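Trainee: Chains as they are written, first to last, in UniProt numbering: chain A, 1 to 290; chain B, 1 to 276.
Rather than coming from a laboratory, the hints here were simulated on the basis of the structure. Incorrect hints may appear among the rest.
Stated by the list, open to error - Derived, one-sided and incomplete: chain A residues facing chain B with beta-carbon distance under 8 Å: (1) 7; (2) 88; (3) 90; (4) 106; (5) 109; (6) 160; (7) 164; (8) 173; (9) 251; (10) 255; (11) 275; (12) 279; (13) 281.
Said to hold, decoys possible - Residues from chain A shown here face chain B by an in silico Cβ test under 8 Å; the list is partial: (14) 35; (15) 39; (16) 94; (17) 110; (18) 127; (19) 130; (20) 214; (21) 216; (22) 225; (23) 227; (24) 269; (25) 274.
These figures come from a predicted structure and were not determined experimentally. Glycine residues also receive a C-beta, built at the ideal position from the N, C-alpha and C atoms.
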Amino acid sequence: MATRQTQLLARSLLTPAVGLLFIWMIVPLALTLYFSTLHYSLLDPGSESFVGLENFRYFLTDPAFLASLQNTLVLVGSVLALTILLGIPLALLMDQPVIGRNFVRLMVIAPFFVMPTVSALVWKNLLMHPVSGLFAWLAQLVGLTPVDWFNDVPLFAVILIVTWQWLPFATLILLTALQSLDEEQKEAAEMDGASAVSTFIYITLPHLARPITVVILIETIFLLTVFAEIYVTTGGGPGLSTTNIAFLIYSQALIQFDVGSASAGGLVAVVIANIVAFFLVRIVGRNLEA
Amino acid sequence: MARKSTTQQVLVSTIGAWFFGFLIFFPILWMVLASFKTELEAFAIPPSFLFFHWTTENYATVQERSDYFHHALNSVIIAGGSTLIALLIAIPAAWSMAFSPTKRTKDILLWMLSTKMMPPVGVLVPIYLIFKNFGLLDSRIGLVFILCLGNLPIVIWMLFTYFKEIPRDILEAARMDGATIGRELVYVLTPMAIPGLASTMLLNLILAWNEAFWTLNLSTSEAAPLTTFIASYSSPEGLFWAKLSAASTLAIAPILVLGWFSQKQLVRGLTFGAVK
Numbered sequence: 001m002a003t004r005q006t007q008l009l010a011r012s013l014l015t016p017a018v019g020l021l022f023i024w025m026i027v028p029l030a031l032t033l034y035f036s037t038l039h040y041s042l043l044d045p046g047s048e049s050f051v052g053l054e055n056f057r058y059f060l061t062d063p064a065f066l067a068s069l070q071n072t073l074v075l076v077g078s079v080l081a082l083t084i085l086l087g088i089p090l091a092l093l094m095d096q097p098v099i100g101r102n103f104v105r106l107m108v109i110a111p112f113f114v115m116p117t118v119s120a121l122v123w124k125n126l127l128m129h130p131v132s133g134l135f136a137w138l139a140q141l142v143g144l145t146p147v148d149w150f151n152d153v154p155l156f157a158v159i160l161i162v163t164w165q166w167l168p169f170a171t172l173i174l175l176t177a178l179q180s181l182d183e184e185q186k187e188a189a190e191m192d193g194a195s196a197v198s199t200f201i202y203i204t205l206p207h208l209a210r211p212i213t214v215v216i217l218i219e220t221i222f223l224l225t226v227f228a229e230i231y232v233t234t235g236g237g238p239g240l241s242t243t244n245i246a247f248l249i250y251s252q253a254l255i256q257f258d259v260g261s262a263s264a265g266g267l268v269a270v271v272i273a274n275i276v277a278f279f280l281v282r283i284v285g286r287n288l289e290a
Numbered sequence: 001m002a003r004k005s006t007t008q009q010v011l012v013s014t015i016g017a018w019f020f021g022f023l024i025f026f027p028i029l030w031m032v033l034a035s036f037k038t039e040l041e042a043f044a045i046p047p048s049f050l051f052f053h054w055t056t057e058n059y060a061t062v063q064e065r066s067d068y069f070h071h072a073l074n075s076v077i078i079a080g081g082s083t084l085i086a087l088l089i090a091i092p093a094a095w096s097m098a099f100s101p102t103k104r105t106k107d108i109l110l111w112m113l114s115t116k117m118m119p120p121v122g123v124l125v126p127i128y129l130i131f132k133n134f135g136l137l138d139s140r141i142g143l144v145f146i147l148c149l150g151n152l153p154i155v156i157w158m159l160f161t162y163f164k165e166i167p168r169d170i171l172e173a174a175r176m177d178g179a180t181i182g183r184e185l186v187y188v189l190t191p192m193a194i195p196g197l198a199s200t201m202l203l204n205l206i207l208a209w210n211e212a213f214w215t216l217n218l219s220t221s222e223a224a225p226l227t228t229f230i231a232s233y234s235s236p237e238g239l240f241w242a243k244l245s246a247a248s249t250l251a252i253a254p255i256l257v258l259g260w261f262s263q264k265q266l267v268r269g270l271t272f273g274a275v276k
């Protein structure tokens, strides 16, 4: 019977992918779980011993954890707010009849394709340098004191860079959604005398609800683990002011070589990401039915 | 289709869109300009926008002093290799789920998606130690492997949504005509799947090229791709802005071109088909 053969074949074609992803997910995670219960420092090899939940107690009560949790939330929240609040008007503008729209779209999407280390260093040096950066020159031009971005407002500086990287993504998705909006519906509303504002509030915005949700969830997943931008600009400093959870775990693992504590932190990060993932998987799953 | 707009409206929205588009693009333009300046001019205040002494000397220096092409080659091998292997694993899997779905297909797909949600930092420690023990630190093969696994869920998802769109009637017709699965795959499915395959490959190349967590943590010099190489310019000894700009311009140019071609697929791939 052909169908039975097909099923068998289908299963054998699926197995390598499932198997690999299963190993990729389970083995490191199991090791992280195991390490998190050990006193394990790479600086002090051979001293590994079981300590139960001690690493979690240490990691969660470490003042650095609270600071980095706060920084993570501020970073994720601000970038989300900025990309959505700037992305909506930008997408609306680009949805208007614009001469040379394709070219404008190319310019808007470009930052998304720039590797994180490049965008961070270009912003840090060429734009945000307190003496020779372009922003400093612009500030002087209008008679302001140049801002020393990475000393005075380091977290905000990182937020600006990350926003620049993700604004294209939000705009592009919202624009794609806008372009699928039924023109006739808007036309009908206009004929009924609806103002541009109420057309936006009652027709456009509800239509954007789903893409906005998707943008928020996907950006959150990536923003929770922002790393390179911090690594090349501030190294988490000054002090802990730009250390997020990802960077804190990195520094405990590969700078302080405290494997146990970093593993506990890693699991905390996994739990936080899973809470977000839960919602995303549900939304995408619902879409799969359609 | 479109409502009639007055010339004035078109003018206003055009000027507005171009202004903001230019503003967003400006940092990239500024970097490209700086790459053609001398170090002194790149640093100068007030800055010169176009009327400076144009030079390509930075590009030559970047290659001479730091062997740029070595790192570019690493990027090509790591991004290309991981993409190819991911495709080889993903094509059969996506094909099987799209054309012979079972009750569990949806669960498997969502489970695959959930592996992508795992923050890399959550498994940094074990991966780093495994790499250390097997001598894979700063090796291209190790990075190929990690990036391949990291992007595999996206590749499978994208291919799945593309394969899903291939009309099943055609397959049935081929089957009725007595085509074997092998022939069906080669003569019917492949030609129809090529656009989807191409855009999946493109998006995955971009993601792998720009990946900057594993590459920064697992490579230092020998296997360092461009992400790691550029990061080495962050060291405070010496501000080589023009050279940083030249190296950066070279690093992003190929991917910017690829990226511009794949904008549409980007939306689809990165939203796992939730927005098309």
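Trainee: Where does the structure disagree with the numbered hints, that is, which hint numbers, in rising order?
Mentor: 2, 6, 9, 10, 11, 12, 15, 19, 21
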